[in-house]
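Number of protein chains: 4
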Amino acid sequence: MKTRACVLYGKEDVRIETREIGDVGPKQVRVRIGAGGLCGSDIHYFRDGGIGTIQVSEPIILGHEVAGTVEAVGGEVTNVKPGSRVALCPSLPCGHCRFCQIGQQQHCLDMQFFGSAMRKPHCNGGFRDEIIVEDFQCEPVGDIGLDEAACAEPLAVGLHAINNAGSVFGKRVLVMGAGPIGALLVGAAKLAGAEEIVAVDLADAPLSAAIKMGAMTTVNALAEPDRLARRYSGDKGYFDVGFECTGAGVALGNMFPVVKPRGVIVAVGVSSGAHIPFNALVGKEIHLAGTHRFHAEYPIAARMIAERRIDVRPIISATLPMDRIRDAFDVVRDRSLQMKVQLSFAT
Amino acid sequence: MKTRACVLYGKEDVRIETREIGDVGPKQVRVRIGAGGLCGSDIHYFRDGGIGTIQVSEPIILGHEVAGTVEAVGGEVTNVKPGSRVALCPSLPCGHCRFCQIGQQQHCLDMQFFGSAMRKPHCNGGFRDEIIVEDFQCEPVGDIGLDEAACAEPLAVGLHAINNAGSVFGKRVLVMGAGPIGALLVGAAKLAGAEEIVAVDLADAPLSAAIKMGAMTTVNALAEPDRLARRYSGDKGYFDVGFECTGAGVALGNMFPVVKPRGVIVAVGVSSGAHIPFNALVGKEIHLAGTHRFHAEYPIAARMIAERRIDVRPIISATLPMDRIRDAFDVVRDRSLQMKVQLSFAT
Amino acid sequence: MKTRACVLYGKEDVRIETREIGDVGPKQVRVRIGAGGLCGSDIHYFRDGGIGTIQVSEPIILGHEVAGTVEAVGGEVTNVKPGSRVALCPSLPCGHCRFCQIGQQQHCLDMQFFGSAMRKPHCNGGFRDEIIVEDFQCEPVGDIGLDEAACAEPLAVGLHAINNAGSVFGKRVLVMGAGPIGALLVGAAKLAGAEEIVAVDLADAPLSAAIKMGAMTTVNALAEPDRLARRYSGDKGYFDVGFECTGAGVALGNMFPVVKPRGVIVAVGVSSGAHIPFNALVGKEIHLAGTHRFHAEYPIAARMIAERRIDVRPIISATLPMDRIRDAFDVVRDRSLQMKVQLSFAT
Amino acid sequence: MKTRACVLYGKEDVRIETREIGDVGPKQVRVRIGAGGLCGSDIHYFRDGGIGTIQVSEPIILGHEVAGTVEAVGGEVTNVKPGSRVALCPSLPCGHCRFCQIGQQQHCLDMQFFGSAMRKPHCNGGFRDEIIVEDFQCEPVGDIGLDEAACAEPLAVGLHAINNAGSVFGKRVLVMGAGPIGALLVGAAKLAGAEEIVAVDLADAPLSAAIKMGAMTTVNALAEPDRLARRYSGDKGYFDVGFECTGAGVALGNMFPVVKPRGVIVAVGVSSGAHIPFNALVGKEIHLAGTHRFHAEYPIAARMIAERRIDVRPIISATLPMDRIRDAFDVVRDRSLQMKVQLSFAT
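Top line first, the protein sequences correspond to chains A, B, C and D. Residue 6 is where the first sequence starts when you use this note's numbering, and the numbers rise one by one after that. Residue 6 is where the second sequence starts when you use this note's numbering, and the numbers rise one by one after that. Residue 6 is where the third sequence starts when you use this note's numbering, and the numbers rise one by one after that. Residue 6 is where the fourth sequence starts when you use this note's numbering, and the numbers rise one by one after that.
No lab work stands behind these hints: they were computed from the structure. The hints are all genuine.
It does not matter which identical chain is meant; a pair holds if it fits inside one copy or across any two.
Cross-link-like lysine-lysine pairs, in silico, DSS-like; alpha carbons within 27 Å at most: (1) 32 with 241; (2) 125 with 241; (3) 217 with 195; (4) 7 with 125; (5) 7 with 32; (6) 7 with 86; (7) 32 with 125; (8) 32 with 86; (9) 195 with 241; (10) 125 with 16.
Make a model of the complete structure from these sequences and hints.
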């Protein structure tokens, strides 16, 4: 059996190719992909041929934010059946290393992750019409759109970030950067009962999406660069928790004056080159916590979306058929208009 | 009644003066100071006239690491009596602000702290023959030397740093910088049951003190700059917890490759200008936590020293009479020989 | 100036009396009470003359769930002004004892709590037309009804219970007992993003209120005594967190089979005489945590109600004028109809 | 190849039999057992034919506290070699169930645990001359006695109990019951830097062992039944953490008056029939936490013993050859003399 797939050969070289898919094992599932979201790493792979030390050195099928419809199941599969609509968890940890043994599978020493060039041979992803996965990767999502279901992965990233912050219930939350991850984090913080959510971005489209996802206040830091500090830095700071989702060092630095003593800043983006104001970090005992992917959060994210307890539709801004993936990489550049750009498959 | 006191007028201008001390209130205690340790902030005040934005702008009696003998007590004092040997807690939080209300007195919005130029008027310190304090500032220390008792303050800083790390019991601990704070942290981590303690410094004298305080391994990063990374960076890192006590950005940066995923780095020193490797902080979900002074830890530190469960004597490297305070500021410069330099009083 | 007040002299002996109220101090506020809720302790005081070892031994003005309108403020008051509608925090911790010093004011060794017979002389409460309070006891609530505002106190109890559980975001929650506290806990758990909330009671009226507050499923344990265990005890249990709000030992015991390993059971009610299944508590490492009152949660509860992020109206089942307080104690007996019964004042 | 083994057929029916042992797989290790400790469950199996609902229904080789010397290793084994002295971890979790997936292997739904009758077929244990185990079950212990090494399992139970308490560093600890588990807990709490450790028992021999393990104070509750309450119940309680190791309800109940508000009581023993004073549990917000076995703690326990950071020798009170296992079950009855009774093998 064959499938079309989006294969990246290197910088700006993505091709639609036909690939053989094998047989469905007893605990495996064949899924017809319906939707797949472009993530920052896909974009970096396409534009730059890699991210930092991770380089695309051989052809790789892209995509780790995918959802589809079950076509066939192996004899021992019980959690889904043909026709089930499912979000697909992209991570396959080894289960044996010292991190898997303590419930920290996101740090697995031998992780296989859809569409990731981190290991060699690269791990193929989900931008394809058909795929065979393990049964435990399938999370049923009921009747919602597969475009929504494909947002389970970035939402899981947001849930894991919140878990790294401790709790946001009854707390004041700052979200720097209201792109897809930031806006989903706003939605998750809202669902988690944050008392106040302030979203900051340089463009109005993401801020408008953030409002739809639940932000009470937005700040356009391009239009009003001093507003955040002016309003929230009194008495050693205002926010209990901040999420840095821009990857820009200056944004991270701007969080320290407005986060309270013993507050938490979760670094979701990689702020290379940031100068941290250490007198504030030390003097206010701020906890700066990195967050990486997710583990137990994926099925929870899928259910939150399936039940529309978080409605992710405001963040899906464009959908193109898979054979227009190059166009999709162009479209997503325009942050004044675009949030999550998705591909559709298998039509 | 009068007392001699070490008064700093500005950069390199410290004078021994006579000051009036008032009457002992009903809940107050008059203490004859025996020993006082020079801390990094005292040294910065003397050499530079301040630290960063905190500037000495009026005469201030220095000193916040002091211990002495009770001479007189007010009518309502019950915890000590004349003759009691006591360590003196240097902090007087307001008790009313929003931080005092939630047990975070170290972030008090109106803190009075011995010998600190942070507020105006400056708060006078304990480098003097006689002082009047509140009863709750006095922690009895039994029969140990007052030089040891005067180490309760920096030890409390170390205990608070450990509390910010969560727990070190059964864990592998890295201490960067084995000066007085680092060496006391080694002693505290040892008492707290760390499985392994590695201390790093650029000089051999501190490393030798660290060994006496309980470090199992030492690394001279000047002699062997690559050893730490070579030995401890495999499989995503070795240490569960690291304490950065140097204030040097390069030392902080060197911790990230050798700390495990989900490990904690506690910033005790203020590493101005540090470039943090954000791909490691985010990818390994490292928690970087600032630590500032202490609150509930002071009496615990005093008891640990009083019972010699932590023997602080290896870190006291020189003692000069108070009228030689200028010489003391010279002596302490030589990190190849000196750790904690103390003044003696009231002889 | 004078005020009417509900004074309890002993078992079933409550009288409406006139009391003098003093002058408003510089940091004090005079409030015209609008609404006051009857709590379990009021009911026990009235019916039994006390609760356990706490006995009403002198006349006491009842009431600790009250809200009103500011009539006058002292010269130094800034947080409210005449006309402000406020919820009144009933607790006045001493601020000095060892528990106040570490942010655990609910365990204050010298607590003054409205309408509590715990200390002698008893502390008078808020069932009265007029009261003078400290400024920091006043939480502005905007335009909502004072009956709603008077629910801030029991909601704060619920928030504190949730904080004792850690976090309920994305978790499965069981609430045993859907009276006022249980139903408010349901509302709080809903706001805090619980994935699933199951409420259990012996009567349908509370279960119907629980549905309105956000429960997804209800179980009438009288009608279906085995349903909870049958449905939720497989694979070592289903719920991450359980709240015991009945005070009935059998209810507490029934939670152990359906709570997961390492799950938390928060005891809100006092289940005197309960037999805990220790093989489950130990074998599943269940954490059974007591919860007592609140501290930092009161202003948060007031704001949640003021903004109707939790709409408490479904739990207010009857309101009687203060001079009918005896009738109110009768009305509240009927659990098949009643949830929170309130008094109205100052008409 | 054959081995002698201690096989329990039912109540008081233990036999020395010869059993075939198979071949060493590529990742397996053949170990010549040196020492094995009798645990409470072994004793219950022998005396009562089971514990509660767990009944010995088929012949089972007893023993889960064992250590020995490696005789042969499979081709892929790297962590040990012939001649290595090793403590043997008795637990083999499935690695796939929902608890194994989140690092809670002690709650594995398909656990295989040496010498446990919990599952059918029963899982054979380590009271035998020779055994084949997985490589990851072997923890090298250097040169210490195998009798000491065989204490790694009960020490791991103690470490897990401490982890369930949070941290004991600088805290006041109460240990109820100073039998082998209680005395090891004392040793572990001492190593973890507890400020004060008070041990309580009904017999002097365990209390004397507790002193050797690090207790500062002991209370013989038979001789002085009121001493604990009299000395430690003022101002709402004295201890931060308590460990209940007796399994006696009365002992558990006696802890509540002397544990501080927000303190933790860890239930190590199963106190069937205990009446918990719920007014104290609720009013003081005490956390009562069950603890069950261990997971990540086993290798840490083995290293603590191997390096004699905890010297377990004071708790080993008698050693008998394996063919005298019946006598061993008699000897261990005398709590006035005995602590840990061990068997020796393979001589």
